[in-house]
Each structure stands twice: as C-alpha cells, then as structure tokens.
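Protein sequences appear in the order of chains A and B.
Under my numbering, the letters of the first sequence match residues 320 to 431, in that order.
Under my numbering, the letters of the second sequence match residues 6 to 119, in that order.
There's no promise every hint is true.
Claimed, not checked - Computed list of lysine-lysine pairs in DSS-like fashion (alpha-carbon distance at most 30 Å, straight line):
#1 76/B <-> 418/A
#2 19/B <-> 88/B
#3 88/B <-> 418/A
#4 75/B <-> 418/A
#5 62/B <-> 418/A
#6 418/A <-> 14/B
#7 389/A <-> 62/B
#8 75/B <-> 19/B
#9 14/B <-> 75/B
No wet-lab data here; the hints were simulated from the structure.
Chain residues, written in single-letter form:
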Amino acid sequence: GQQLNQSPQSMFIQEGEDVSMNCTSSSIFNTWLWYKQDPGEGPVLLIALYKAGELTSNGRLTAQFGITRKDSFLNISASIPSDVGIYFCALPSNFGNEKLTFGTGTRLTIIP
Amino acid sequence: DGGITQSPKYLFRKEGQNVTLSCEQNLNHDAMYWYRQDPGQGLRLIYYSQIVNDFQKGDIAEGYSVSREKKESFPLTVTSAQKNPTAFYLCASSTQGWGADIQYFGAGTRLSVL
Numbered sequence: 320g321q322q323l324n325q326s327p328q329s330m331f332i333q334e335g336e337d338v339s340m341n342c343t344s345s346s347i348f349n350t351w352l353w354y355k356q357d358p359g360e361g362p363v364l365l366i367a368l369y370k371a372g373e374l375t376s377n378g379r380l381t382a383q384f385g386i387t388r389k390d391s392f393l394n395i396s397a398s399i400p401s402d403v404g405i406y407f408c409a410l411p412s413n414f415g416n417e418k419l420t421f422g423t424g425t426r427l428t429i430i431p
Numbered sequence: 006d007g008g009i010t011q012s013p014k015y016l017f018r019k020e021g022q023n024v025t026l027s028c029e030q031n032l033n034h035d036a037m038y039w040y041r042q043d044p045g046q047g048l049r050l051i052y053y054s055q056i057v058n059d060f061q062k063g064d065i066a067e068g069y070s071v072s073r074e075k076k077e078s079f080p081l082t083v084t085s086a087q088k089n090p091t092a093f094y095l096c097a098s099s100t101q102g103w104g105a106d107i108q109y110f111g112a113g114t115r116l117s118v119l
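Next comes chain B alone, as it looks inside the complex (with noise of 0.2 Å):
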C-alpha cells in the first residue's frame, strides 16, 4: 500500500524538550511538505523540500528545523525555541514540487505540551 506515515499519532512534549515528529512515504515523491494546523485556522505551511538535501523555510519556520537525507524520510524537529507548540501536524508529499502538483497528506501527529 503507497502512503504517507506520520508518527507518533500522540505526542507530548515538555517544557524545554526538543521533540522529532517522523514522517514517511513510499508513493516515490520528490517533494514533502510540513504543515501545522491550529483550532479554526486553515493548515500554514512551516518547511518543504524539493528534492533530497535541500529545505526551505516555510510561513512559519521558526522553532522547527528539518532534515531530508532520504527521498522517503522528511523528520521535523519541534524545538525548545518554539513557544507554542501545541497543534496538529500535517505532512504531505507530491511528485515533484512544482507548478499545479497535487498534495498528499498524512494522517497526522497532535503534539501537546505537559
């Protein structure tokens, strides 16, 4: 089965903690994408990749850092520096990043803070 697996579904972070939320997809995309959505907001985009090795910031990278050593692997990083950290996060994947690409998400991690 071609997806996308977001791990953990849970996630408790505490005060000062850093905390790595994993995202996988075996659907053979180039781009991934990171996304966080808040209570009655739409999803804002933190991080995206287009290729392996490479990353740009998003609308609201700050707090977060990501890796993409991987073609499958896209791992965000919610750090201490993010002060509000508590959200539903979203990472999706498409074919190659550009133009009118369409989107694929996963099922998501809601993090919240003990």
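Okay, chain A solo, but in the shape it has when bound (with noise of 0.2 Å):
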C-alpha cells in the first residue's frame, strides 16, 4: 500500500499560537481528507482537498493539496483550548474503491 508520512507526531503549544502540520505520500492522489479525532470520540472531518494546489479555509483552519499532488498541510491559526486532539491526514484510495489510508497523526497539546 502507499507510504503516508504525517509530521510533526506531536505538538505542545500555547494558546494563541498558530499550528501547522503536513502529509507526504509516496504516490500522486486526487484527493485530500483532513480529520481531528477529541480524545475518546471518533475523528470529524475538517476539510476535503480535490484539486492540486487548492486552498480551502474553514474558520480557522486552512489546508492546501500540494501541486505534486503528493503532500498536503494543515494550519490552525490562533489556536484555542478546543484545538487540543489528533488531526489526521487520510487518501482514499486511487483503485475507487472505498479504502481510506489514515496518517499516523500529529497530537496537539496546549500548555496553560
């Protein structure tokens, strides 16, 4: 299966802060799903990327597919308490089918 690579593993800010995380795949993808998991629930999606070099927002949150179409990131800006879980980066697969490949997540913790 394709190598996704998903960094920073972790993150420990303060609020306020901006945040951004990103994706590399080993292969070119025409999709890009961005997750948030709170602790103990199941991951939201945040934002869908289609199209190479797209750039969506959705409040505070921007995330842009790579022109390669092999990398996408994630910003946060202004971070917040709420802010705090798992974000993940997940590919549906090239083959149409249904399989989602997940990253393995970058944690994010804001310090008081």
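Hints given; two lone chains; assemble the complex.
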C-alpha cells in the first residue's frame, strides 16, 4: 500500500499560537482529507481537498493540496483550547474503492 | 438526528471469549467500515461492506468477523483468535463506498482484556 507520512507526531504550543502540520505520500492522489479526533471520540472531517494547488479554509483552519499531488498541509491560526486533539490526514484509494489510508496523526497539546 | 451509533462505549473481554461491538447508522449510507486504532498509530481497516449481505477483508481482518444483514447495521465480532484485542474500535459509513467518498465516524468502543 501507499506510504503516508505525517509530521510532526506531536506539538506542544501555547494558546494563541499558529500551528502547521503536513502529510506526504509516496504516490499521487486526487483527494486529500483532514480529520480531527477529540479525546475518546471518533474522527470528524475538517476539510476535503480535490484539486492540486487548491487552498481551502474552514474558519481558523486552512489546508492546501500540493501541486505535486503528493502532499498537503493543514494550518490552524490563533489556537484555542478546543483545538486539542489528534489531527489525521487521509487518502482514498486511487482505484475507486472505499479504502482510506490514514496518517499516523499529529497530537496537539495546548500549554496553559 | 442522523448519525452513527456505536455501543457499548467500553467493553471488557475475558480470555477465550468472543465479544460483539455494535454499529448502527441512520444516514441511509450504503457503505460501512470497521477500523482499529492503537496508541500512536493511525486507523487500520479491519472489514468493510459496500452493500447488504456483502463484505470484504481490510488490512487486519484476522481474528475478527462481521455481518451485514441490514443496511443500518454492521456488527463486529472480536473472536478468541484475536490475541491482542485491546484497542479503540471505530465504525464509519459513507454514501456509496466508491471514489473519494467521505467517511463519517461513530464515537468508538474501547475494548480491554480482563
């Protein structure tokens, strides 16, 4: 299967700071998805990207689909306590089936 | 309220016991999925089903079984053959299960071994 590398693994930041995380894949894909998982809950979709170069915002979140179609980044501006959780990138299979491959996640902790 | 309901939230398994995790959705989605999540790892696909009475193995199906008798329900059985069952189990569903179909997740079941 494809390799999907997500970094950093964890981040410790102060409230109000901006956050940036990224994912890279070994293959080209047509869609990038970003999910957030709150502690003890299931992941919730944040942003879906469908076109190379696409930049999409959702409130304080901004995500971009890399031009090479092998990478994506997610930025969070002016972090707040409820941003705590694990952020996953995910890629659907290129073969038109249902399989999603998830990154290993970026765990965000906000230091008081 | 439309959504995916997983139960129970917490489950304990004794040695040699089979346990079944419930997943129900009222989103009228055709496709349903089961994932396993271990600490520090991403989600790994156990089984998926694109239509009633049909299901396929995912990447880590050994020691698990599923059924899809109804569109709304996709229960997962963790059998005694699964030697390391302690994990967080997540159920998801999507409209059709093809292409860039968005998957929506339940709140999860945490399984521990006594």
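Worksheet item: When you check the alpha-carbon spacing of residue 62/B and residue 418/A, does it fall within 30 Å?
Response: Judged against 30 Å, a Cα distance of about 11 Å means the pair holds.
Discussion item. Next pair to validate is residue 14/B with residue 75/B; report whether the Cα-Cα distance is within 30 Å.
Written reply: holds (22 Å)
Worksheet item: Between residue 88/B and residue 418/A, does the CA-CA distance stay at or below 30 Å?
Response: holds (25 Å)
Worksheet entry | Pair hint residue 75/B and residue 418/A, alpha-carbon separation not exceeding 30 Å | holds (21 Å)
Worksheet item: Is the Cα-Cα distance between residue 418/A and residue 14/B 30 Å or less?
Response: holds (25 Å)
Worksheet item: Straight-line Cα separation of residue 75/B and residue 19/B no greater than 30 Å?
Response: Since the Cα atoms of residue 75/B and residue 19/B sit roughly 29 Å apart, the hinted pair holds (cutoff 30 Å).
Worksheet item: Keeping to a limit of 30 Å between CA atoms, is the pair of residue 389/A and residue 62/B held or broken?
Response: Cα-Cα ~27 Å, so holds.
Practice prompt. Could you grab the alpha-carbon distance between residue 19/B and residue 88/B and see if it respects the 30 Å cut-off?
Written response: Within the cut-off at roughly 11 Å; holds.
Fill in: Proposed proximity, residue 418/A with residue 76/B (alpha carbon, max 30 Å)
Since the Cα atoms of residue 76/B and residue 418/A sit roughly 19 Å apart, the hinted pair holds (cutoff 30 Å).
The structure shown violates none of the earlier numbered hints.
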